[in-house]
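Peer 1: In case you want the letters, here they are:
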Amino acid sequence: MFPLIDTAYFQILAFTVLGVGIIWLILITFRYLKTESNKQQLSLIDQINALLPQTQCGHCGHPGCLPYARAISHGAAINQCPPGGKHTIQALSILLNQANEPLNPCHGEHTEPLVAVIREGECIGCTKCIQACPIDAILGGTKLMHTVIESECNGCDLCLEPCPVDCIDLIPRPGKQLRQWPLPSHIDVDQHNIGANP
Amino acid sequence: MTDFLSILIAAAVVNNVVLVQFLGVSAFYAGSNGLKNAIEIALLSATVLIVASLTNLLLTKTILAPLNLMFLQLICFVAVSGSLTVLIFQWLRQKFPDSLHRLHLHIILVGGNSAVIGISILNTRNGLSFTENIANSIGAAVGFALVMIGFAALRQRLDTADVPQSFRGPAIHLISAGIVAMCFLGLAGLV
Amino acid sequence: MRFLSLFNHDSSRIQLRKSSGGIKPLSNKASSLRSRIMSTPIPKILVLPLLQHKGTPAKPIAKSGDRVLKGQKIAEAADASSAPVHAPTSGRITGIGLHALPDEFGTLAACITLASDGNDQAIKTTFTADFQNMSESDLLERIRDAGIVGMGGAGFPTYLKLQSSNEHPVDFLIINAVECEPYITADEALIREHACDVVTGANILKRVTGAKQCIVAIEDSKIDAIAELKLAALNSAIQIAIIPEKYTAGSEKQLIHSVTGREVPAGKYPASIGVSLHNTGTAFAIYKAICEAEPCISRITTVTGSTLKTPKNFHVLIGTPIAFLFDLCGVDQTKLSRIVVGGSLMGTCLPDINAPIIKTTNCLIAGSAEEFTEPQPEQACIRCSFCADVCPVNLLPQQLYASSRCQDYQQADNFGLFDCIECGACAYVCPSHIPLVQYYRASKSEIEKQRTNRHNADKWQARFQFHQYRYKREKKQKLLQSSSIEHQPETEHNKQADFSREKARLEISEAVARVKARRSKLITTSSVATEREDKP
Amino acid sequence: MNKVIYCSPQLNGQQSIGKIMLWVMTACIPGVAASTWFFGWGTVLNILVTMIFAVALEALILWLRNKSLRIHLADNSALLTAVIIGIAIPPGSPWWLLFSGICFAIVVAKHAYGGIGQNPFNPAMCGYVLLLLTFPLNMTTWHLPVDTLFDELQFSTLSWTSFMFSLQLCFPALTSDDVQLTEYLDGFAMATPLIEYELAKSSAVLVALKNNTSLFASTSNTGWEIVNFGFLLGGLFLLTKKIISWQIPLSIIMTITVLSLLFYAPGSTAVYGETYLHLFGSATMIGAFFIATDPVSAATTPMGRIIYGIIIGVAIYSIRVWGSYPDSIAIAVLLGNFFAPLIDHFCRPRIYGHSTRSGL
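Residue numbers (the numbering used here), protein chains in the order written: chain A, 1 to 198; chain B, 1 to 191; chain C, 1 to 536; chain D, 1 to 360.
If you are wondering where the hints come from, they were derived from the structure by calculation, not from laboratory data. Bear in mind the structure is a predicted one, so any value in this text is a computation, not a measurement. Quick reminder that beta carbons are idealized off the backbone N, C-alpha and C, glycines included. Accuracy of the hints is not assured; some may be wrong.
As the list claims (entries may be wrong) - Chain D stretches covered by chain C per the calculated footprint, using a threshold of three residues with CB under 8 Å from any CB of chain C:
#, stretch
1, 106 to 119
2, 342 to 352
Stated by the list, open to error - With a Cα cut of at most 27 Å, we get these calculated DSS-like pairs of lysine-lysine:
#, chain 1, residue 1, chain 2, residue 2
3, C, K312, A, K86
4, B, K36, C, K444
5, C, K44, C, K161
6, C, K24, D, K241
7, C, K124, A, K143
8, C, K268, C, K161
Let's have the full structure, built from the sequences with the hints guiding it.
Peer 2: Encoded structure:
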């Protein structure tokens, strides 16, 4: 009797299994590279721009989100976008493999979503805010009353400054903020406040 | 045939390039921060490792040894592996144009991988026949890729762990690599 | 079980499949099934929220002060995904104001409060009762008009479900009487006492959806209900599937898989695979709406819990305050430590006791401290995967927990967070007492918020790009215009242009002066007002 | 009305980590009883000493990380690590060996990763491998099973004197200097729970071993089968109580049997050893049921567990047969733990309603 390993059947079986395994591995790597290659790869600037909140507000010191994305790709700091706040900085730090510093306050604070409202009574129809609005969210003709389309406005306060009569102000976006469950406040187990006090 | 396999397994598992011989640890650590690009870098450095060590082997056997220029060995190896890395990257860039643009970062990792030169030098020193050296370098490449991908998955899991502040980041990663190296050391003498 | 084998002829054709996961908690349903369903006396004040289900709230049509009769429509459906609200009893509407809803945050929503006058005078309807010769569209219209919503707790408007099942041919109509959650016995009591009405309701649904097969699924532990159901379903083409007793055997996806073997694809509704699933309460409400011409103004609710002297099932009017029901059952306030709406595993704590009963409240539990023990402190997850074994949707709760704990929402989405039906089985078996469902709910709302941000960002980017394109186009047109003007002599038009620019500047300065004058007057009056406020 | 709002499952199944660890420890009792019956009080003493060290170290670190001791010590995971290390280390080994093993296990292999639940490697096995690499001599000195050794010393196994004998072995300071106990040890390095027949590799001993290892004979070193049966019993008990999952032990045992059937030729002098010897001659049962199924470091997905078991089974067999180190369970389990996250990443179950498994 001789150990099973020396029998011819086992060796043929073992080598076929090994061969099939290696061929399968090679096929997988090429398929992976193939799928990876025809996946539409955005340029680095587009990837950064996709992460920015697109409010075009200019708080980051650049005229819009695309210029800021271009500046980031050339090494600008990634924590200058107040509307984006924590999430944008975290996403950028993951994409660019940089440290995840907090938002630097000199560019403004991260606030709840805002929306601009025109006090129609005082509007003199000078169409200055219409030209200033980056996303055409203000309706109105010359010498006619203007109003802000609430669903389109992104609260970027570019229209506040050019208005000669200061009749536009920013209010928190209305609409029902549904209460949600927060993450259990203690990740460390020692505080015992289980559940969320309403 | 079986001794080819046993050398390959010995090079891959028993005296693993990264965890037992501690070659290419920098590429191993830098490349394994995300599973996706760990797999990419592992594949690339495996191909570079195999191709470079084989060409170096040919180089020594045909040119350096007969003309006893062995002292030039290190310089030639560095030159060969550097140029090979660039060549392979160019070839890959043509074949998969838009997928690998991100890999200009990886070129340093793969090119500067000390395992490439380490394996080539060991190949000349250990007096194995030509085919056995091929098995040795293929095994080393497979071992490097396997351990790197495994370590990348391990690192992903360590990032969700509540590690004490002073151990966060590279400290805990290197401790884990140490424990795995201790375990691979236990496999000594397997073949 | 021997007694049942006699009748076991028609359920043999349904081949039940084994469903994965699930737990067997203590059912403690016996206490609330001792007595029959009792209809409650009419409470003084009824609070009817305009939004009692998933969808958009209804628009009130009755004004405060009107006298309304029982069954009269007081709020019209705003759009397709809304349901009308009817007056449960005759009385006078005292007002439409904010009132707490029976959910865990006590959210305030617009509600119609109705003061009942006690004589319960019903509205006359010219509606014939036999549904045999009514056309499907009439039946559908009648269901929509009666404001019937899913009674199983999900609260999806039934009209919307039936309408979406018209586009796809419906092979199976399933009436869900499984009710696998502990404490809830509403459906079981309903089938015990109104089995034939539920069967006629199922037949109506069968006609509306045109389903080839109608199956009533019930748990094997409800023996009397099964016997009652078999008697009622003897001559009709309804089959009865007897499901082994297990928690989450009654969840929609689980039941569809075990009865029909089909799986609802992720993110889609059962209608897309030819299955229409309705709760027994919905079938009963449809029966009442069609045969007794009574809109959805009442439902069966279990009121149970160890602190109640006589827990039982109530045939309760929609809008009855919960405190009223507890007093009916004789609640012992000292031992009451936690009020739960819905079952003990998917139900929510109630912060405010006088919130009203709405169309989807199927159970109220007045629990004592021993019954709902204080949760022990949360410890670290030891990846023992008890939770993965019991997950009915075959997820990996320990990986979901790890990624949502370190707020890596992309990873959580990858592991299938949005397939989680929040049944709580994983948190029930977790040896480290981790509130897993709270982690998943928090991560879901966080991902939801990020998705809306992403959607807005894309929308604003598109508008910004169009703004730039429009700006360039206008500049090009101005250039064309000014170049075509050049070779014309200095025409009247140009002088006219300078003069109008001058006039515009003048007008602007006048308007600015006018506004400043009014603004200064405004400030003086408002400063007077603020002084008055500071004084008290 | 309600002061605190609790999230949705209001009931809890009253299962707790502390209970689970206690059940695992009680499942170890048959194995430990068998080894005390054969090898005297060494193992029990080991376990007691390591338990004391383990709890002290755990309390110290929890205090340093200012976590509340009441919650964390109640999950007695440190006790379980102590029990496993106590069983693995040879009975009668000195106290400082136990201390360094348990110190590395608790401090570095568990709390450096953030306490219970977050260590990717099995702490007991990390400690054991460290000891094996640093103190090879101490880890392989086992004394003969009881009857041959203690006949010369004329006291029975479970008597108080044999307990004192093991105590003096553990704490050398206690021995009066005239009696040199260690010479009883050196000469009898025999098969150990974790050393298979490594030292008895030469075929002569193997043949000798072969003919007198009747199933329940209690002569010479056949004690290990009974110890292994004890742990098998404990393991089956854990399976019935659903504390450990069936995939890992089954796949380990199946891989070892398949490999040993594959390589073993009865009667030939090759040193592969038959399946029975592999399964019961060494510590496979402890490894399969108690060490590899440690939930924290093992793979969690059902399919992943089977692959994890296969990797450990292959590693155990290859180290035993071709490897130079006597021990195989600890190194194989660590190898499995290294690949566990990778396996988990690729072996996700198919979620209800999804057509394929989400991979990368």
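Peer 1: Does each hint fit the structure? Answer for all of them.
Peer 2: Right, here's what the structure says about each hint:
no.: 1; hint: 106 to 119; result: holds (count 5)
no.: 2; hint: 342 to 352; result: holds (count 6)
no.: 3; hint: K312/C x K86/A; result: violated (51 Å)
no.: 4; hint: K36/B x K444/C; result: holds (25 Å)
no.: 5; hint: K44/C x K161/C; result: violated (35 Å)
no.: 6; hint: K24/C x K241/D; result: holds (16 Å)
no.: 7; hint: K124/C x K143/A; result: violated (58 Å)
no.: 8; hint: K268/C x K161/C; result: holds (12 Å)
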